[in-house]
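The numbering of the sequence shown is the numbering used here, which starts it at 10 and goes up by one.
Please keep in mind that the hints were generated in silico from the structure rather than gathered at the bench.
Keep in mind that a hint or two might mislead.
[As the list claims (entries may be wrong)] DSS-like mimics (lysine-lysine), calculated; alpha carbons at most 30 Å apart, straight line:
{"#": "1", "residue 1": "Lys85", "residue 2": "Lys67"}
{"#": "2", "residue 1": "Lys85", "residue 2": "Lys95"}
{"#": "3", "residue 1": "Lys73", "residue 2": "Lys95"}
{"#": "4", "residue 1": "Lys95", "residue 2": "Lys67"}
{"#": "5", "residue 1": "Lys95", "residue 2": "Lys52"}
{"#": "6", "residue 1": "Lys73", "residue 2": "Lys85"}
{"#": "7", "residue 1": "Lys73", "residue 2": "Lys84"}
{"#": "8", "residue 1": "Lys52", "residue 2": "Lys73"}
{"#": "9", "residue 1": "Lys67", "residue 2": "Lys84"}
{"#": "10", "residue 1": "Lys52", "residue 2": "Lys67"}
[Claimed, not checked] So the derived label-pair ranges between C-beta atoms look like this:
{"#": "11", "residue 1": "Pro23", "residue 2": "Ile110", "range": "19 to 25 Å"}
{"#": "12", "residue 1": "Leu83", "residue 2": "Ala109", "range": "31 to 37 Å"}
{"#": "13", "residue 1": "Arg54", "residue 2": "Lys95", "range": "24 to 30 Å"}
{"#": "14", "residue 1": "Gln10", "residue 2": "Glu53", "range": "34 to 40 Å"}
{"#": "15", "residue 1": "Lys73", "residue 2": "Gly35", "range": "27 to 33 Å"}
{"#": "16", "residue 1": "Thr39", "residue 2": "Asp70", "range": "36 to 42 Å"}
{"#": "17", "residue 1": "Pro125", "residue 2": "Gly35", "range": "37 to 43 Å"}
A virtual CB, placed ideally from N, CA and C, is assigned to each residue, including glycine.
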Amino acid sequence: QVQLAESGGGLAQPGGSLELACATSGSDYTLVTIGWYRQAPGKERELVAELDDAGRIKYGDSVKGRFTLSRDNLKKTMYLRMNELKPADTAVYYCNLVVAIGYTYWGRGTQVTVAP
10 QVQLAESGGG
20 LAQPGGSLEL
30 ACATSGSDYT
40 LVTIGWYRQA
50 PGKERELVAE
60 LDDAGRIKYG
70 DSVKGRFTLS
80 RDNLKKTMYL
90 RMNELKPADT
100 AVYYCNLVVA
110 IGYTYWGRGT
120 QVTVAP
């Protein structure tokens, strides 16, 4: 079993920044993808950013140029730096991990609210 723990959510003003972290723990795993998804009230969960086993990063269209995904392998932690935040970025952000046996893990989520 692998556990994912998000942190770093909170309230930010439009134009501001926040950084989320996702710490992984538990069993060793072979990475397929690790990334961030978000879900706003009344909307479907959507991809924010995702890193694959080749080191390629894919971003959702609405966050390109504003958000940056990074990973510290020694700390087993993934980060999402969010700049130029907009009210439309308000959502619960979830850490997601897909491992080689085909299993998908989700964190519990962290709330991000962007408001004046």
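How the hints compare with the structure:
no. : hint                       : result
1   : Lys85 - Lys67              : holds, 20 Å
2   : Lys85 - Lys95              : holds, 29 Å
3   : Lys73 - Lys95              : holds, 13 Å
4   : Lys95 - Lys67              : holds, 20 Å
5   : Lys95 - Lys52              : holds, 17 Å
6   : Lys73 - Lys85              : holds, 24 Å
7   : Lys73 - Lys84              : holds, 26 Å
8   : Lys52 - Lys73              : holds, 20 Å
9   : Lys67 - Lys84              : holds, 22 Å
10  : Lys52 - Lys67              : holds, 21 Å
11  : Pro23 - Ile110: 19 to 25 Å : violated, 42 Å
12  : Leu83 - Ala109: 31 to 37 Å : violated, 21 Å
13  : Arg54 - Lys95: 24 to 30 Å  : violated, 18 Å
14  : Gln10 - Glu53: 34 to 40 Å  : violated, 27 Å
15  : Lys73 - Gly35: 27 to 33 Å  : holds, 32 Å
16  : Thr39 - Asp70: 36 to 42 Å  : violated, 29 Å
17  : Pro125 - Gly35: 37 to 43 Å : holds, 40 Å
Hint compliance for this structure: hints 11, 12, 13, 14, 16 are not met, and every other hint is.
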